[in-house]
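The chain contents come next:
Number of protein chains: 2
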Amino acid sequence: MQGHTDTHFEEELRDLKAEILKMGAIVEEMIARSTQALVARDSHMAEEVMSQDPEVNQLEMGIDERCLQLLALRQPAASDLRFIILGLKISKDLERMGDLSVDICQQVTQLNLEPQLKPYQDLPRLAATAQRMVKQALDSFVKRDAELANQVCEMDDEADDLKDQIFQDVVTIMQKETEAAARGVRLILVARHLERIADHATNIAEEVIFMVNGKDIRHGGAKLRH
Amino acid sequence: MQGHTDTHFEEELRDLKAEILKMGAIVEEMIARSTQALVARDSHMAEEVMSQDPEVNQLEMGIDERCLQLLALRQPAASDLRFIILGLKISKDLERMGDLSVDICQQVTQLNLEPQLKPYQDLPRLAATAQRMVKQALDSFVKRDAELANQVCEMDDEADDLKDQIFQDVVTIMQKETEAAARGVRLILVARHLERIADHATNIAEEVIFMVNGKDIRHGGAKLRH
Numbered sequence: 025m026q027g028h029t030d031t032h033f034e035e036e037l038r039d040l041k042a043e044i045l046k047m048g049a050i051v052e053e054m055i056a057r058s059t060q061a062l063v064a065r066d067s068h069m070a071e072e073v074m075s076q077d078p079e080v081n082q083l084e085m086g087i088d089e090r091c092l093q094l095l096a097l098r099q100p101a102a103s104d105l106r107f108i109i110l111g112l113k114i115s116k117d118l119e120r121m122g123d124l125s126v127d128i129c130q131q132v133t134q135l136n137l138e139p140q141l142k143p144y145q146d147l148p149r150l151a152a153t154a155q156r157m158v159k160q161a162l163d164s165f166v167k168r169d170a171e172l173a174n175q176v177c178e179m180d181d182e183a184d185d186l187k188d189q190i191f192q193d194v195v196t197i198m199q200k201e202t203e204a205a206a207r208g209v210r211l212i213l214v215a216r217h218l219e220r221i222a223d224h225a226t227n228i229a230e231e232v233i234f235m236v237n238g239k240d241i242r243h244g245g246a247k248l249r250h
Numbered sequence: 025m026q027g028h029t030d031t032h033f034e035e036e037l038r039d040l041k042a043e044i045l046k047m048g049a050i051v052e053e054m055i056a057r058s059t060q061a062l063v064a065r066d067s068h069m070a071e072e073v074m075s076q077d078p079e080v081n082q083l084e085m086g087i088d089e090r091c092l093q094l095l096a097l098r099q100p101a102a103s104d105l106r107f108i109i110l111g112l113k114i115s116k117d118l119e120r121m122g123d124l125s126v127d128i129c130q131q132v133t134q135l136n137l138e139p140q141l142k143p144y145q146d147l148p149r150l151a152a153t154a155q156r157m158v159k160q161a162l163d164s165f166v167k168r169d170a171e172l173a174n175q176v177c178e179m180d181d182e183a184d185d186l187k188d189q190i191f192q193d194v195v196t197i198m199q200k201e202t203e204a205a206a207r208g209v210r211l212i213l214v215a216r217h218l219e220r221i222a223d224h225a226t227n228i229a230e231e232v233i234f235m236v237n238g239k240d241i242r243h244g245g246a247k248l249r250h
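Residue numbers (the numbering used here), protein chains in the order written: chain V, 25 to 250; chain D, 25 to 250.
Careful, some of the hints might be misleading.
One copy or any two copies: either way a pair holds, since identical chains are not told apart in the list.
As the list claims (entries may be wrong) - Here are the simulated EDC-like pairs of lysine to aspartate or glutamate, each with C-alpha atoms no more than 20 Å apart in a straight line: (1) K41 with E178; (2) K113 with D123; (3) K200 with E182; (4) K159 with E53; (5) K113 with D223; (6) K113 with D88; (7) K142 with E178; (8) K159 with D66; (9) K41 with E79; (10) K167 with D104; (11) K200 with E138; (12) K113 with E52.
Keep in mind the hints are simulated off the structure, nothing from the lab.
Okay, chain V solo, but in the shape it has when bound (with noise of 0.2 Å):
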């Protein structure tokens, strides 16, 4: 009877890692798409994008549904209550990454209305980053690698400072340009979006080598072991 339990809990944590790659892969795709949406100014797509919004927050409902009755039902310990938990907040984080994505679509319906600015460079360039730091830190979280998960962390300099460089850019932009002020906000405000969405991945990398090592390397902390 026992095994028969153990055996449906670990058919139970299966689906739950299920949901929030199947979660993750949606959301990967609307950050792509988003970014597809503001090179090519396509303003169909970016309405695409946002229509996927509720798909994701009801995703999220069902696994923090889902995640409260393995805690409530199943009283898990040690390392399956650390990956239940994980589930929480990685739910969270791509959810706020979905929201991102919404919000450089709605940044890009509006740049459309208005001739483009300038060819853009860096944006690509920091989504690209953006996306690649999400997909690893998923894959860090279903392979449980450390080493991959920190990588992830270390990316995140990357994508603050490509962040840092379109704003100086395209302030100089607008310095140069006044009609240029309101497409120039947007851009940096895209760009933000993309940075937040990197920091949303580098949460999830953060947790996953809590889990991992059992150690919490938040704030810094990964700097004290060192």
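Given chain V's structure and the hints, the job is docking chain D onto it.
Positioned in the frame of chain V, the structure of chain D alone reads:
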């Protein structure tokens, strides 16, 4: 023996609540002082706020640790479980609000290197709204008062509108004065940070409603109920 254990558990829950309120008080102060630093152009105060960030981070990790311990050792059911999960979520929201106050202060120190762009009016109003929301969200948590929490959710639209208004006003200024570009962007980012603080207060309020009513009103669930 059972009675003794229950009393001890109740004490632990009280301690958890006290820690959350302590963290909340510090973050409320950070938000208030970051706006004060903006309005008074006081870089010294801005730096003081930034120096509070490590304490907030420590409190978050301490609260997380407490919650995990309670979940692992006490295996609480039903309403206590929801309260502890809420503790995990609130500490995360508060930590982000602390980060956002730091972000505001970083912009303030940069803004203070140049002449003031214009007397700020809407920004302090937005800040006051955000502060009221944070305070009331924490009150609703302490009092387990869903009605109070509901009022916080309603204030969120006000914060959004103020942020949009600031965006419009600042862009108008930037269109007139090219040299206002960088400062204008910084003011818009401050407005955005304040609006995100309001969002986090709304998150807390929604979670309180969920704890009290056992119904998930996130993502428009509230509208379905009415």
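Do the hints match the structure? See the list:
In this homomeric assembly, K41 and E178 never come within 20 Å of each other (Cα to Cα): the closest approach is 25 Å inside a single copy and 35 Å across copies. Taking the shortest Cα distances, K113 and D123 sit within 20 Å of each other both inside one copy (16 Å) and across copies (18 Å). In the homo-oligomer, the alpha carbons of K200 and E182 never lie at most 20 Å apart, since the shortest distance is 28 Å inside one protomer and 34 Å across protomers. Taking identical chains as interchangeable, the C-alpha atoms of K159 and E53 lie at most 20 Å apart only when both belong to the same chain, with a minimum of 10 Å there against 37 Å between chains.
In this assembly of identical chains, K113 and D223 lie within 20 Å of each other by CA distance both inside one copy and across copies; the values are 14 Å within and 17 Å between. Taking CA atoms no more than 20 Å apart as the test, K113 paired with D88 passes in both settings, with 9 Å inside one copy and 12 Å between copies. For a Cα distance limit of 20 Å, the shortest separation of K142 from E178 qualifies neither inside one copy, at 30 Å, nor across copies, at 39 Å. In this assembly of identical chains, the alpha carbons of K159 and D66 never lie at most 20 Å apart, being 24 Å within a copy and 42 Å across copies at closest.
Taking CA atoms no more than 20 Å apart as the test, K41 paired with E79 passes inside one copy only; the shortest distance there is 17 Å, against 34 Å between copies. In this assembly of identical chains, the alpha carbons of K167 and D104 lie at most 20 Å apart only when taken from the same copy (15 Å versus 32 Å across copies). Both within a single protomer and between protomers do K200 and E138 lie at most 20 Å apart by alpha-carbon distance, with minima of 18 Å and 19 Å respectively. When the C-alpha separation of K113 and E52 is checked against a cutoff of 20 Å, the pair qualifies only within one copy, where the shortest distance is 17 Å, while the shortest distance between copies is 24 Å.
In the structure shown, a violation is registered for the earlier hints numbered 1, 3, 7, 8, in ascending order.
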